[in-house]
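Enquirer: The residues making up each chain are set out below.
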Amino acid sequence: MTNDTQLAPKPTAGAPTTRSLPTVLKQVPWRSVAIVVPFLAVFIALSIGSPAFLSAQNIGNVLDRQSGILIVAAAATLVLIAGGIDLSVGATYMFTAVICGTIIVRVGGEAGAALGIIVGILAGLVVGLINGIISTYLKINPLIATLAMSFIILGATKLVSQFGKEGIGQIRVDFPEFRWLALTKPLGISLPTWIAFIVIVILGIVLWRTTFGRYVYAAGGNAEAARLAGIRVDGVRIATFAIAGTAAGLAGVIDLARTPSAPENDAIATTLTFTVLAGIVVGGTSILGGEGAIWRTVLGILFIAMLYNGFTLLRIDPLFQGIALGVIILVAVGFDAWSKFRRR
Amino acid sequence: MPETAAVDAPQLHVELRGVGKSFNGLPVLADIDLTLEPGTVHALVGENGAGKSTLSKIISGVYSADTGQLLVNGQEASFGSPREALAQGIATIAQELALVPELTVAENVFLGSEPRTLGWINRKKLRAAYAAIAESTGFDLPGDTVVGGLRTADQQKVEIMRALARGASLIIMDEPTAALSAHDTELLHGVVRRLAASGRTVLLISHFLGEVLELSDSVTILRDGRHIRTALAVDETESTLIESMLGRTLGSVFPDKPPHDADGDVVLSVRDLVAPGVYGVSFDVRAGEIVGLAGLVGAGRSEIAHAIFGAAPRNAGTVAIDGAETPNTIAGSLKRGIFLIPESRKDQGLVLGRPIRDNVTLSNMGQVAPRGWVSSGVERRASRTMLDRVTVGGDDRRAVSALSGGNQQKVLFGRALQGSRRLLIADEPTRGVDVGSRRAIYDLIAEQARQGIGVLVISSDVEEVLGLAHRVLVIRSGQIVGEFAGDQLTEENIITAAFADPITNESQ
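Chains as they are written, first to last, in my numbering: chain A, 1 to 344; chain B, 1 to 508.
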């Protein structure tokens, strides 16, 4: 089971290795590697099928664009493992971007940028704490609690944005004092990619190697057993929601710096939430809690991103993207159920 | 579909010939020959992992055999699912009940075969059909009660009636009395006898050898997936069964009671405790003393344990360890040295999807993870040390769900053996545990007392309480109604106290 919790090497580094499949095929713990096989298959297929795919520029672009969603998905994985679910990450992401943008527009300068970043992230933390508290102490099912919260947050977003806009249109923050966050490229890799990498590594280690990580698994695996073992299950769950909210805040700020205009479209929030959940589930983390790993989610999200990128490179009509993704989710979850059944 | 249970099911003659089954290349059953005669009670005994459940699942269509044949009334049968087996009249009463908690007793009994008029459920017919079944079993259970609120014992009755309602003529019962009180067990035994008398076959899987000998006509002993022998129950004794199940002789079932000082230090002191299901309980447990809590299922024994452990709100009264009051939180209780091994290891004890190691160290992360950082070396050694003490071998990175019931229980003991301990509460420590592991668990309990720890053992098995405890408190309706030690410690005294309700006594 340890291979379940270890952090995988960065999936894009180097060419994938091939091994004599038939011999190892029987010993493979199918469930724990489920995502790895299709990931490598699509990676290899695209590398062969489209010369543009395996270029440093294309891979770099994909990673840069996925950094925000990777941060959110990694944190939301904790929520799922602990037995919760957060449907409000997309709304929070947009909310924090708008708050950050409004502050930058209103305050201006370096002070405005710094304040915007800090307040944006803290806003995410506050939303996460509220999600956690209402879904534990108030005993509202987290699915409903965070669904309701996302409507509230989307409304609040519109309220805030009125202060940041001059007339109609979007909040634009095209200021160098802020945009360095997205434009800096230490060691040739964009800063958002670095931040996502660091967040993933930290959350992965937290889950794998800390007491808190253990408690997250126990809270989702068997809440009553965890409680009787002396674990404050509610506290653990609130912490996972707080982490997810903070991550959504961070992602909102980073993507604001990348774009650099605050998105104000409910569909963007919804799509983000769905993609995050899709990535987690495709990665193989159980929606019932108690099982899963961050690295799986990373592969899940990158798998979806890679697929979309491949559709673009191969000039396939984008309308098939949604259909393909839907089918993939069904296959992934179906496979999961099948391998559980097989384990009996 | 039969409308009522009054329709007598045809007699079934089930035979297994050379049946074998493997999981992941590991043989679980090999070359089993077995004949189940209609109108008999046939018991299946063996240690956990001997293949009893697998065998019963092959008969009931959950699994299909890899080799050999299953013959039903002389014809080869191959069931693809329990539903197909049921259509032939084979039903299982599982350990884990499968009822719809929101529906009533009668609705559950006839679930899927409700008497209908033009597609609508005919309530009147349903009531009549239910009354017929309830009468034939002698179960006193109102048909319009919602199942969710029933005790496990009563839910089990619903399951049995459901099997009968579907015209089952071979009924497989897997540990049917494990969760039942003495009274309900007697009732169930009556039902089993009546089933056999009406020409049905009962395949009984039970760890209670007394029950097996008393109830069954023939006994089949399995060991390591092999058929050791089938014999008439009258020709067997508990010790011949145990010998064959283990392949060796077992000493006494219970270890010697550790010596204890009747005037020793008081470890646990409970005064006027009031909590949900607990109505004013006061008692002491001394160092090195094993105190048994006896009583019927639902009498409030587990509730007392939870209130002491801080797992339930305390409305009044005090709980003190070594004279100092304990906080009403689980974390606080653990810190003061109280450990609880809960009643249901699957629901309250283990995180089944996680490795054995994580489960052993779960409530002691402070020791294996200084400052919240899990040190794998420290954890590995701590886990190994604990598992060695409770005699669980093998790689502790395996999922805990892969262990047998007995070993799972030992893992929970391992968890409870860490840290500074003053009081160990073991709630039904041997439920669903095989004979071999049972002795190991008794040894662990006695060993704790020998080390000067106070032990509170809760058990529905009166023999177990008698065999282990120095002193027994009998609980009824959330209160202590009897206390027995020394010469007074007899089965009769305990059972009398557990049942002696002045009101029901007069009416019976």
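Errors might be hidden in some of the hints.
Unchecked claim - For each label pair, taking beta carbons as the anchor points, the in silico distance ranges come out as: (1) I198/A <-> D347/B: 50 to 58 Å; (2) K139/A <-> D347/B: 50 to 58 Å; (3) H183/B <-> K139/A: 50 to 58 Å; (4) I152/A <-> S420/B: 45 to 53 Å; (5) G393/B <-> A156/A: 28 to 36 Å; (6) R381/B <-> P176/A: 38 to 46 Å; (7) G332/B <-> L138/A: 18 to 26 Å; (8) P318/A <-> D347/B: 18 to 26 Å; (9) G112/B <-> L129/A: 53 to 61 Å.
Hints listed in this document are in silico derivations from the structure and should not be mistaken for laboratory results.
A virtual CB, placed ideally from N, CA and C, is assigned to each residue, including glycine.
Enquirer: All hints are to be evaluated individually against the structure, with a verdict given for each.
Expert: Right, here's what the structure says about each hint:
As the Cβ distance of I198/A to D347/B is approximately 39 Å, the hint placing it in 50 to 58 Å is violated. Separated by about 19 Å at the C-beta atoms, K139/A and D347/B break the suggested range of 50 to 58 Å. Taking 50 to 58 Å as the suggested C-beta distance range, the pair H183/B and K139/A does not conform, at roughly 36 Å. For I152/A and S420/B, the Cβ-Cβ distance of about 48 Å falls inside the hinted range of 45 to 53 Å, so the restraint holds.
Distance hint check: the CB atoms of G393/B and A156/A are about 58 Å apart, inconsistent with the given range 28 to 36 Å. The hint said 38 to 46 Å for the Cβ distance between R381/B and P176/A, and at roughly 55 Å that hint is violated. Taking the beta carbon of each, G332/B and L138/A are about 25 Å apart, inside 18 to 26 Å as hinted. For P318/A paired with D347/B, a C-beta distance near 48 Å fails the hint of 18 to 26 Å.
Taken as a hint, the range 53 to 61 Å is violated for the pair G112/B and L129/A, whose Cβ atoms sit roughly 46 Å apart.
The structure is inconsistent with the numbered hints 1, 2, 3, 5, 6, 8, 9, although it conforms to all the rest.
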